[in-house]
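Student: Given chain W's structure and the hints, the job is docking chains S and H with the ligands onto it.
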Amino acid sequence: MSALNPASHGGLSKPALPFSPVTPLIFAALIASYFLFPNHLALATQILVLMIFALSYDLLQGHAGIVSLGHAVFLGLGAYGSAILARWGFTDPLLGLAAGASISALVALVLSPIVVRGSDFTRLLVTLGVASLIHEAANRMRDLTGGADGLADFEVAPLLGLFAFDFEGRTAFLYALTVFALVYAALWRVTTSPFGLALRGIRENSRRMPAIGSPVARHLAVSYLLSGAIAGVGGALLAQTSRFASLDMLGFERSAEIVMVVTLGGTGHIAGVSIGAAAFGLVKDALSTVSPRYWQLGLGVVLMASVFLARGGIGGLIERFGRFGRRA
Amino acid sequence: MSSLVAVLVDGVAYGMLLFLSAVGLSVTLGLMRFINLAHGAFAMVGAYLAVVVVAAGLPFLLALPLVFVVVGAFGIAIERTAIRHLYRRSALEQVLFSIGLAFALGALANLIFGPQQQAIQTPAWLTGRVALAGLDITSYRLFLIAMGAATAIALIYLFEHTLFGARIRAAVDNRRAAEGIGIQVERLFALTFGLGAALAGLGGALSVEMLGLDPAFALKYLTMLLMVVAIGGAGSIEGSLLAALGLGTIDALFKYLLPEAGGFVIFGLLVAVLLVKPAGLKGRAA
Amino acid sequence: MTAALATTALSVRFGAFQAVRDVSLSVRAGARHALIGPNGAGKTTLVHALTGSVKPAAGRILIAGEEATGRSEAQRVHMGLARTFQINQLFRNLTVLDNVLLAVLERNRRTAVFWRSVRNDRAALDEARSCLAFVNLLALAERPVAALPYGSQRLLEIAIALAARPRVLVLDEPAAGVPAAESAAIFERIHALPASLTVVFIEHDMGLVFRFAERITVLVAGQILTEGTPAEISADPRVREVYLGRRGDHAA
Ligand SMILES: Nc1ncnc2c1ncn2[C@@H]1O[C@H](COP(=O)(O)OP(=O)(O)O)[C@@H](O)[C@H]1O
Ligand SMILES: [Mg+2]
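From first to last, the protein sequence lines are chains W, S and H. What the first sequence shows, in the numbering used here, is residues 682 to 1009, in sequence order. What the second sequence shows, in the numbering used here, is residues 546 to 831, in sequence order. What the third sequence shows, in the numbering used here, is residues 21 to 272, in sequence order.
Worth flagging that the hints you see were computed from the coordinates, not collected in a lab. Careful, some of the hints might be misleading.
[Said to hold, decoys possible] Residues of chain W clear of chain H, computed beta-carbon distances all greater than 10 Å:
{"#": "1", "residue": "L790"}
{"#": "2", "residue": "P794"}
{"#": "3", "residue": "A960"}
[Claimed, not checked] Among the chain W residues that face chain H by a calculated CB cut under 7 Å, a handful are:
{"#": "4", "residue": "N720"}
{"#": "5", "residue": "V871"}
{"#": "6", "residue": "S874"}
{"#": "7", "residue": "L878"}
{"#": "8", "residue": "A879"}
{"#": "9", "residue": "E885"}
{"#": "10", "residue": "N886"}
{"#": "11", "residue": "S887"}
{"#": "12", "residue": "P891"}
{"#": "13", "residue": "A892"}
{"#": "14", "residue": "I893"}
{"#": "15", "residue": "G894"}
{"#": "16", "residue": "A898"}
[Stated by the list, open to error] Pair ranges (Cβ atoms, derived):
{"#": "17", "chain 1": "H", "residue 1": "P169", "chain 2": "S", "residue 2": "R714", "range": "17 to 25 Å"}
{"#": "18", "chain 1": "H", "residue 1": "E208", "chain 2": "S", "residue 2": "R721", "range": "52 to 60 Å"}
{"#": "19", "chain 1": "H", "residue 1": "R142", "chain 2": "W", "residue 2": "Y715", "range": "36 to 44 Å"}
{"#": "20", "chain 1": "W", "residue 1": "L841", "chain 2": "H", "residue 2": "R142", "range": "53 to 61 Å"}
{"#": "21", "chain 1": "H", "residue 1": "A201", "chain 2": "S", "residue 2": "V821", "range": "48 to 56 Å"}
{"#": "22", "chain 1": "W", "residue 1": "P973", "chain 2": "S", "residue 2": "R625", "range": "29 to 37 Å"}
{"#": "23", "chain 1": "W", "residue 1": "F716", "chain 2": "H", "residue 2": "F154", "range": "33 to 41 Å"}
{"#": "24", "chain 1": "W", "residue 1": "V982", "chain 2": "S", "residue 2": "G725", "range": "51 to 59 Å"}
{"#": "25", "chain 1": "S", "residue 1": "P610", "chain 2": "H", "residue 2": "P169", "range": "54 to 62 Å"}
{"#": "26", "chain 1": "W", "residue 1": "L790", "chain 2": "S", "residue 2": "F709", "range": "44 to 52 Å"}
{"#": "27", "chain 1": "W", "residue 1": "S783", "chain 2": "S", "residue 2": "G725", "range": "55 to 63 Å"}
{"#": "28", "chain 1": "S", "residue 1": "A618", "chain 2": "H", "residue 2": "P169", "range": "41 to 49 Å"}
All C-beta atoms, glycine included, are put in the ideal place defined by N, C-alpha and C.
Isolated chain W, as found in the complex (with noise of 0.2 Å):
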């Protein structure tokens, strides 16, 4: 109880999110599975890109509050871009991520001044419009986007001119982690930054914010910029790594899907969003290959189940673990 009690003089606080020793304890089973489960290489790294793709959305769901039933626009423009990229010739990898991040920062900043206005109600439905006009335009633009067939005829070069993607998928693995780590790193700085205190200000009272004086549309413009960036990062190296960019990539069922995967992992708790995105990955596949609507079913079921039952999600239960481990 004594660690509780603010430190008598200017000593640091407590961190608002904390570090959590979950953290190295998920890069231990990251790197572990790489050893342990050569065979599955591919599945591991598209639950990477999931990863990737619920810790962008929940600094926009999880911090600022900000729910988007269309977030999977910018997992699919990364994609896309990047896949077109090295159509064109450029073929190298990270160029590919650039451009990805590129992209989706740039169709965030012009889709920030309708998103970031309105309330609750008007921005899902916003979000879901766009999102089904990019969906739309994706559609339409067969000779750039391959229609409904999508990407498939594109080369990546290896990575650092040094490592070719391997077929069993070593490289592809090893380059997701990588890039998963460095983003897991970038967030955790932001969430705990004074942008994301204002961020996680936002969330808790919006009322308030421009009562001290905050610019409440330019953080959550900058936040929505962030995220949509860093899910295109997800998008390119979901496309290089799977040598495929589809129309699903940016459709309503991955954006449906993201917000339940940051929700039940528990919003705001970047440790909890990365171990229910793995879990959400790895139950999917497991389940689906069994039965694709007993899964949809299952989904549907534990979705409405954890409105009354799981507040907090797996990042709620780290947090009431610790606090039980701190006091023992």
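Tutor: This is chains S and H with the ligands only, laid out in the frame that chain W set:
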């Protein structure tokens, strides 16, 4: 020229379907502040129910009131067990619950009926064509337009000119005062929610003939329904009607005149309207 | 000398209803100025209009002689006008310290910083702590706000507003909902504010108003009924009628 008019009739009929399916969503959102992304699933339930009972031999015209009652009861049951606890929860929690419900119902439909398209047997007098002022129009379209118009009039009458409507408005305006004068707000909300679900079920049953039916129905038309509410303004019946008719005709017109533009125009319109009037055409200022 | 806060013919409408009507107010720098009036008189609405969270239908607002009418709520904070809320507007799942720290960081425009830990900003942390110390909440700095007793939450409202380093502080019923014994403690803190700070406060307890205000404006049905010193106001029969008459039929 005459084909343009036929396209317009098509658009109005489609608009009426949208109105029937969306008006309940508008009412629950505007009056009870509940974001129900499962509203399209209520329409889907009504559609499957209609297909089943008509296949079992019930006449189409009797199937419609049955669907209305059953889906309405289903809506009330869900409102009583779950949704009433969510009125004061965050938008996110409402979204999660209702998406979950939509997913579960879609998956159930898939399990029971399979992924294939369903068809419904409509009576002969609805499948024919009628010559009207020199035009050749499918009678089913005319039937839809009549159904929609009748529902709109009945709803406006119900909300503007009956005790039920007055109570609803009182409860929304000031819940505590309404309870103080003896209005049973809980029951009122449950009934209203059920009415919205019943109308969606009816809309779904009427949609099968024109739009087809498969397990993806609930999510496929959700965007359109939300657009009707967004453009018409939450809580406004006239707004929903205008928005639905507008969207239906514009959609039909552009599919006819400029097929390449497709869904583009509709979503572009949504973004434009929300930019200019964030509360919708007839929305009350938040 | 220019007033710290002034309005000319300020009006606010909600649809057909006029909540504030032709209010012209002038608050001297360093004043302790009370705004009183029965429930529903439009006091809170007037505060909303002053601080910019509600758009006036007509009239002007000047902060230290500077035009503020078209400015946003946030811009007015940076012009030196801060407020508290009648109903707590706190960041409930953040710690007490973070509530105030956030206000400090917004004031010195540090919230665009995303590459450094918020804990590295020693100066801001020290300032946030001194705001908390002023309202005697330092010992609770690490608690989440939701776990705070209600009276302490009212004090935190004030600490957050102080973190904006205002020249004019508007307090909307700072002791609303607090038992009488504690409301004296809250007003004792308000009394201890630096004399250079202009304070406008709304309060229903006449004892507190007469003790702490040097000037009183009476608002009735959106209009200024009268304005004067405590002695003038307590002697005014119209004010008595509004107050005693009201207290007769409603208990408010
Ligand atoms: N957003 C609003 N919309 C409509 N009427 C309002 C709104 N806010 C306040 N009012 C009305 O304005 C009047 C003044 O309210 P308020 O300023 O809160 O009074 P006070 O703070 O003096 O008790 C009341 O009649 C109240 O019902
Ligand atoms: Mg008030």
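Student: Hint by hint, which ones does the structure fall short of?
Tutor: 4, 11, 16, 17, 18, 20, 23 and 24
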